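Participant: The listed protein sequences correspond, in order, to chains A and B. Counting from 14, one number per residue, gives the positions in the first sequence under our numbering. Counting from 29, one number per residue, gives the positions in the second sequence under our numbering.
Keep in mind the hints are simulated off the structure, nothing from the lab. Because the structure is a prediction, the values reported are computed rather than measured.
Within a straight-line C-alpha distance of at most 20 angstroms, the following computed SDA-like cross-link-like pairs (lysine to any residue) qualify:
id : chain 1 : residue 1 : chain 2 : residue 2
1  : A       : K291      : A       : A318
2  : A       : K89       : B       : P437
3  : B       : K507      : A       : Q342
4  : A       : K67       : A       : V77
5  : B       : K507      : A       : S333
6  : A       : K89       : B       : A432
7  : A       : K455      : B       : E372
8  : A       : K205      : A       : R273
9  : A       : K455      : B       : A370
10 : B       : K500      : A       : Y378
11 : B       : K371      : A       : G454
12 : B       : K371      : A       : P459
13 : B       : K371      : A       : P453
14 : A       : K455      : B       : M434
15 : B       : K291      : B       : H189
16 : A       : K299      : A       : G319
17 : A       : K89       : B       : M434
18 : B       : K507      : A       : F334
19 : B       : K507      : A       : Y378
20 : A       : K455      : B       : A403
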Amino acid sequence: MIRKTSLIAAASALSLLSALPVAAQTIAIVGGRILSQGPAGDISSGTVLIKDGKIVAVGAKITVPADARIVDASGKTVSPGLVLPSTSLTVAEVEQIGDTMDDSAGKRMGAAFDVQYGVNPNSALIPLARISGVTRAVVTPVLGRGGSGGHKDDGADDFSGSFEDGEASLFAGQVATATLAAGVTEAVVKAKIGMALDLGESGAAYAGGSRGAAIVLMRSALEDARHYARNRAAFDMGASRPYPYSRDDLEALIPVVEGRMPLLVRVHRASDITQILKFAADQKLKLILEGAEEGWMVADAIAKAGVPVLVDGQADLPGSFETLGSTLQNAGRLNAAGVTVAVMGSRDYNNLRQGRFNAGLAVSYGLPYSAAMASVTLNPAKIWGLSDRIGSLEPGKDADVVIWTGDPLEVTTYATSVFIQGKEQPMTSRSLELAERYRPGKADYPPAYR
Amino acid sequence: MMHSPLLVRLALIATTVSLLSACVSVVSVAPSNKTDVTAKTSEAAKVAVVLPKGSDPKAGPAPFASTYRPLPSQLTALVGGHILTATGQEIDSGTVIMDGGKIVAVGKDVQAPAGAKIVDATGKWITPGIIDIHSHLGVYPSPGVESLSDGNEMTEPNTAHVWAEHSVWPQDPGFNRARAGGVTTLQILPGSANLFGGRSVTLKNVPAITTEGMKFPGAPYGLKMACGENPKRVYGHKGRSPSTRMGNVAGYRSAWIQAASYKRKWDDYRAKVAKGEKADPPERNLNLDTLSGVLAGEIRIQNHCYRADEMATMIDISREFGFKISVFHHSSEAYKIADLLAKEGICYATWADWAGFKMEAYDGIAENAAIGQKAGACVIIHSDDPIMTQHLNQEAGIAMGAGARMGLPVSRADAIAWITLNPAKGMGIDDKTGSLTPGKNADVVLWSGDPFSVYSTADTVFIDGAVVFDRKDPRYQPKSDFELGQPGEGVHP
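Excised from the complex, chain B in its bound form (with noise of 0.2 angstroms):
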């Protein structure tokens, strides 16, 4: 339904074309019969009821599509580098084959074919590009001035109809930043002062003049809620609803309820149209578009939530209402429930150890990704800063020193999934990105050394097998428009 034939849409378009003007779209159905596509067709063209353009959320094109294009790539072979798939694997001197755009071959015995690109990687680290699961690059750009201030709309509690992606300044120099440090995909969330923030974006981090031009082709939405502090903070400041937390869930509940109710109105009316009888179509509503998005389960929650008990109650609701919870954020006290998120096949995201700022912060502990690895939850480092994302391996490094000090030592195969392969799983792209895993888009960092080390960077990166930063080639430094003639000089040593 989400899509219909192209066939069907211009036969549709044909036999209706008369009487439409140049601004409509059409709600059609899909043949039931296969044999027969012609007569349903034009019988379901009788009772297709057409809406003018964009009142129908399922109708033409994703708005906003990407435009994204990979950078010109070529056969290259990484030869002899020290790799870590975040598959589970280590494997010392091995070569990973990229082509196409694509990894086709990673291992140790893997001979680099006639006519590749021989990058010798003796003495280096590979492994999958960074994903940063919580970004605001762009939406919170540098300079952090109120102009270029666009990624809180304080102005309801729920702004569901809000999408970060229109808020995207692509000039933000933080993308260079971060992709300097190894950064190749990015979750734009909207701030956290709302309990339903608005929509994510999921980007490719490639200097682009458009947001659409860095748009991750068919990465699902994710949706940004929020709990406790923010929401009853920014809104009871303001004296009304929500001041508490029993505030926020209520305001949650009520969403949901909202949003069966509108999915549903949808539903009939879509099954109506099919069946050919008359029906009038919902009113569309951005807000409800999101959320009803979630109960039919193509827009991910990602939810900002620091304690334990209140992730449980969110867990509670998700089951009230019908819909999955993909990843808890912050979550400072992730490691007091760390077997519920691993039984509810919840992933978690959150810092080494940035805490004690507020309340809900208070019992964050830099111990906080080894329990959890330990109890089989799906762990993620995030960063939520425009300086931490480009040291992500980094802080993964100290979250590998805590749990080594407490005696749950984490080995480097697993730990680099917490900055890869597990922010993919959380956010919906794990087929096509997070692991150096054949047939997955070739985003490869090629690391100076360890790159759980405070000395190694980041030397080489593609995206989709192209370089996309070369920390020796200025050919491959990009700049942002606002850095040129500044004093600055940009990102790059």
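For reference, chain A alone in the conformation it holds in the complex (with noise of 0.2 angstroms):
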């Protein structure tokens, strides 16, 4: 009873928090290694001093202000708080309960399909990734089912893979990113900040059944949008010619074609990789790849455009047939080609924590320590366009900190205090609640009432 009435308390604690300003509060993490991702580089022992939420020192020898609050960070290790790359965690509870998933649009659009108004500060899995030292998501619409957490065994196998006609809409629809911090009401901290859309087998698949389709689809969707640009007066007169996608949709691939939104593309042989790149240079596009388990059959031709990658570092069995050439060495040989490689978990629940693991999965095949650290925290960030707030250590920052038992890509490492906007978050979760419950030892009653 003890400790559910601190909880309680905590929990109250925190959301008086929540309503006030950020606190005017001086914080000093001291004594730990900094694997800082910013211009501090990696330091053995030293000191990340927050102020009002932002970070304003990383360093050896940071002189700590006499108001500040230490916490000491010895024999630990300090680093950014994790970035969730491409997740469907804020807008996906339990995957098999269709009414708890809102990471798709469904059949009545496309690229105007915003995640964001799904976005539940509230979900149990928030905490879960939080206490996984995972500080921010960017949440990804998906086509079609969201996750794939199904396991092979379940009974739920469907190969049937083709839509109804007045389904095609290769686009999935566009991105935002979440905060997972503690006590907020509003979960989104940036909206709008790409599209999705995807292409090989499974836009083929959208596109009535072959890439060729999908291509074209995709290329008078893009013109279409241009075209309603230059003739928004036209169309709502009904004076314009007709377009197969709404206004909506229309509206949305706007800053697509303009080159403002980044087109984050699904796609994983390297023939396709390849024609992707070849359409975004003639449209002029703003491209992010997710998946290229054949991205290295073609890591210079990414690297020369300048593209970024999102890698499922686990990702080495031929699937498909569209990821015949799949092995653990893709992060690495990415990164040594140029390629900026964010590493990301499965869609599914090991999401929460995979993508850590991943990394370091990544470091066992070739990717420097130092690129799969950024891999999961800096390049995220940079990726999407956020990294002038999140993503590393260094003055000016968000202060997204996490301080871990140790190194922050081994299995066995956890995290123990988790800092976000300089707020430190509480270390719970339904999962640890339950763990807590049966914890093992006698009771005269049912652990409902513990």
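With the hints as a guide, bring both chains together as one complex.
Facilitator: Shown next, in the form of structure tokens:
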């Protein structure tokens, strides 16, 4: 009962805090090994100084103000908060309960779908991600049903692979980024930061069955968006030529065709990557690739185009005919070619913690350690245009800071403290409360009383 | 009764051969009196019922018998490595000797015998081969196309008659990936759409052209059962039973009643034949062969079951019909009944923290394994996934980290059993493999470092003392036929 009371007290204290403006507090995290990802580099024992939610100094010899709250990190490792580069977190709860899934548009729209409106700051998965050191999520919509957490053996196999007429929209919708801070009522930090699209087998299925159709449909959609942008007035008077897409979809594509909004393309086969690179150059689009299992085969072209890649660091099976070239070396080879790489987990529940382990795994297969740390912190921030605020420990940035028991990429390491915008986060979650409730020991009353 | 002495069988055949067509087998009766073998045999032959081949579930050699033969091996000494035996020992700078496919010595003061191939294991770690008790390699292979998808016979809620080995595609590239992750033994299970999914098969993770060439000699069969959401969803959507959990339970119980009846018929029949009485043989039924094999204690229950309350219900059913559940799989809520599972001697196989993807997995927690370990339960980390199977050592590391976080640290010496000895126990092969114990099969992994580190790789993998994978030697980096001539490079870095 004591534990419960203290939790309630903590919760109410937290909600009070969140109602206030950011506390004018100075925090000094001292004595830890710092992996800054910023100009300060790696420091074997140093200080991160936080004031009013921002980082004000990082270094080995920082003078700590007298009024600062001291957080002792000696023997521990301090890093920027992890950034999930592409996830359904905050818009997905239980994959097999469709009502809890808001990561895809369904049948009524494509590009116009705006994932920001489904973001739920009270998702039970957010605390789980947060205690795993994740402080920021880039929420990217998916085509069709979201997630991939289903198990091979659960009887839910679906090889139908085709879509009914009227569902054909290659565009999955608009990307948002959300903070994972506790106690916020509005988690979206920035909406409309990208447009998601599937190519390859998935895109082809939406386009009616083949890749050629997908690319042609994509081009015509973008050309329609340009045409619509020049002819809004005519459209409103019914004097424009007809478009297969709605006004909302076309509006959403305008920043893409103007090169202001990056297009996140999920693509796997080397030849598909080549096609989209050419297409993006022709159309002057800003591109981000996700998946890219065969990216290493065309790494130089990707690097030359300056296109960053989001990689699932575990993907090494020829799971389909478009991933025959999958290898654990992918991240390392792309990085070596000069590509900016962000490492992600799979899209399902593992995503919460798998990103950092996948980055660690990539180290064993050719990705330098510093690049691996960057792949889960600074690089996703850079890729999504967020690096002015997050992604590294450097003065002026948000104080999203994690203190770890050791190397953040190591499986047996866990986070002991998490700060988001300088606020220390509660290190609890539904899963930890369950674990605590069923901690081995004798009791007279059922666990429900604990 | 299961296998008659060869001599008796020959005698029987000799006395009855003129009566028989070429395609029959014989139900033989073992002599009860060794002093009068010939007379007894002749007498038995008179009453032996001649059944067409395949009609007696226990006649003749077991079908689809293993043709596995160990690859060539030599006397080998792994010297100076950090050893986790999986029997609770952690030995710094020790030696493992393998000879004739067996482990012959493990310890700190073990000397390499003359003529042994010496492998310098300084700075490396040595563990038993990893065992994945929940795999669908081969039955859900890569590429994951419909043509090769053979894991779930989703046509009847009770398909105890299907055998996973008849779906295994030995060319699945996933076998090679798993071996590069240190996996030496796998239990391949049918899917979980059905109440009774069918028989599992235990495989040695060696490249082979046939599934028989991978079958683990002497490994008992398992029967895949499934609780909860999958059966009720799959059949409920077809508009038939089960569509609820109570429908599931009725389905299990009805099947066990049939199985008990079938078993009794065969037992009665054999008893009568043994006494020289006239008897009509029951009609063989593949489904009930498997279920009655469970009742006879020959086939082990491998039960997909997430929720604590459902696991308890399954234990009640096992008591009602007198069988034993070997392992609960997935078992996301095992931590809620860790004491019960420890007391019942039922292992549970789970992930570190793969959970939340459906309601029955909603309470899955990363502390599941550590809490069970503390309660004294037989804990297993499994994969159910062709990617995770390559990283079971790291999955165990994640579960260790979660235990440490809540003040329930698990030592490396104990955690290694989660992926070696405990699955071997759950599969009934712990007398043959699963630990570095003299006399057991030399299924061994030489790791680049601490196996619970994200940075460690399986550098050399031995099965029955033979090198089956070597990260640095292309001669020991097998590739599936499927991967030849493809843009990938196969598994190996």
